[in-house]
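**Student:** Use these hints to put chain C onto chain D, whose structure you have.
For reference, the chains in residue letters:
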Amino acid sequence: MKHLLSIEQLSREEIEAILDRAESFAEVGRRDIKKVPTLRGRTVVSLFYESSTRTSSSFDLAAKRLSADLVSVKAAGSSVEKGESLKDTIATLSAYDPAAIVIRHPYAGAAQMVAGWTAASVVNAGDGKHEHPSQALLDVYTLRRRLGSLEGVRIWIVGDVLHSRVARSNLIAFAKMGAEVTLCGPPTLIPRGIEALGCDVSYSLDGIEEADVVYALRMQKERMSESFVPSLREYAASFQIDSRRLNPRQLLMHPGPVNRGVELSGEAIDSPQSLIAEQVAAGLVVRMAILYELLAGGDASAPSAEGEGSRPTPIGTPA
Amino acid sequence: MNEKVVLEHDDLKRTLRRIAHEIAEGNPDSERLAVVGIHTRGAVLARRLHVFLGELTGSDLPFGDLDISFYRDDVGAKAPASQPVVHSSHIDFDLSERTVVLVDDVLYTGRTVRAAIEALFDYGRPQRVQLAVLCDRGHRELPIRPDYVGKNLPTAREERVNVRLEEIDGTDEVTISEPSTMEVSR
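Respectively, the protein sequence lines represent chains D and C. Take 1 as the starting number for the first sequence in the working numbering and just add one per residue. Take 1 as the starting number for the second sequence in the working numbering and just add one per residue.
Chain D with its partners taken away, still in its complex shape (with noise of 0.2 Å):
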């Protein structure tokens, strides 16, 4: 594997084999010294156009995990501010020759396009509304070392899918691995025809008791440009999962961030059935297993390590 795009392009035995390597360094992640090297001598570009706490973290601390040398962008205070294309910032970064590069960005296929411009592997850490493979693979990596097994789980996925990237990944991951997916929200928040990627669809929560995983996804407010509802607390009234609406038996995932006392009460975010700091801790070790896959893998990826001095090199570096 070169690039991790989207779990769309990812095969059941392709996820499992990340998966199983991040039970691995989930064992590293138990050592005083949690630092293997891996790639020691390579270098990871971690480029993020919109705002991260958990990804970009995660991924920054993977990689430093695996002792490469990181180069961590953020687009604000960058070069990107004085005007600086995509293309061009990634010619520019390109030129120190880096084995990865982990890129998040706000509009869909960008990390597509970057994968056409550099030598580099490129790890898509969310584009617009498209894809975020890697939350999808911690997601399931958290339901498998809970649940043993995805086959025939049925996991809800609440709340404002059409901006969601990570609706779309999961749904994707999670029928790859056997479980039964509904979405539900208004209709307002759910795209049309999406049942056609193999899942249900509710325009309430009625039902849900008989979910045995409730993953409630953030009320975008950033991507909203127009009122998709009529306001938050209505949203919150009709859709809100609280300790009424959620059974014991139930486990909760949230990709984070939260909107306490919007998409989730702060009852249900602390209840033990929540999952969220799995989820997080998740984050690492599974983002270590996708830069070990692409650069250290088994199978035939180019080794990147020998593009040295071969990329133009743009005018300009960032100030």
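Do not rely on the hints blindly, as some may be mistaken.
Sample of chain D residues facing chain C (criterion: CB under 8 Å; computed from the structure) [claimed, not checked]: (1) S24; (2) R31; (3) A296.
The calculated label-pair distances, taken between Cβ atoms and stated as ranges, are [said to hold, decoys possible]: (4) D:E13 <-> C:R164: 19 to 29 Å; (5) C:R157 <-> D:I194: 37 to 47 Å; (6) D:A277 <-> C:D92: 48 to 58 Å; (7) C:H90 <-> D:R40: 20 to 30 Å; (8) D:R30 <-> C:E8: 38 to 48 Å; (9) D:R192 <-> C:H90: 48 to 58 Å; (10) D:D88 <-> C:E141: 22 to 32 Å; (11) C:R128 <-> D:A281: 34 to 44 Å; (12) D:P248 <-> C:L56: 52 to 62 Å; (13) C:F121 <-> D:A281: 23 to 33 Å; (14) D:D88 <-> C:R128: 50 to 60 Å.
To be clear, the hints were calculated from the coordinates, so they are not data collected in a lab. These numbers were taken from a predicted model, which means no experiment stands behind them. Here a beta-carbon is modelled for each residue, glycine too, at the ideal position from N, C-alpha and C.
**Tutor:** The following block gives chain C in isolation, referenced to the frame of chain D:
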């Protein structure tokens, strides 16, 4: 494929027993010993040695296993031989003040042992590290020397040494086979 048996079931058992005796003899301070096997077959051999050593010394020595895939020196340089099975390391005892006996099935270039020593040091600082191998087939590329050897096997680089163990392969034997274009040498 032309395959020659060099150790049969009983030979293998005798050989391991002898190594256990040598380890016990070389370490009068036996309560400080620990046995650590290198995945996959080294870990199985270590488990057996651990049992023999327990009988000899009358104490239950710490036991662990190591996966060295994160410590290989050929990561990225070439695609490593496919590793379909993923292992984790298990070292849940304190290494300080211990003499650790590393166990592997075949000693060849010495690169695996180098990686194992590096991996081991990420768990702590053992007082001494010794190396026990079932077969030494020569062709060292690093200054590494075993302390305990089951059998010296002079081989050509093209030949392949196959260690089969009951726990994994259903039978106990060591064979040497002629080169075949598809095989990965070890």
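**Student:** Taking the numbered hints from earlier one at a time, note which ones the structure violates and give those numbers from smallest to largest.
**Tutor:** Hints 5, 6, 10 contradicted; others consistent.
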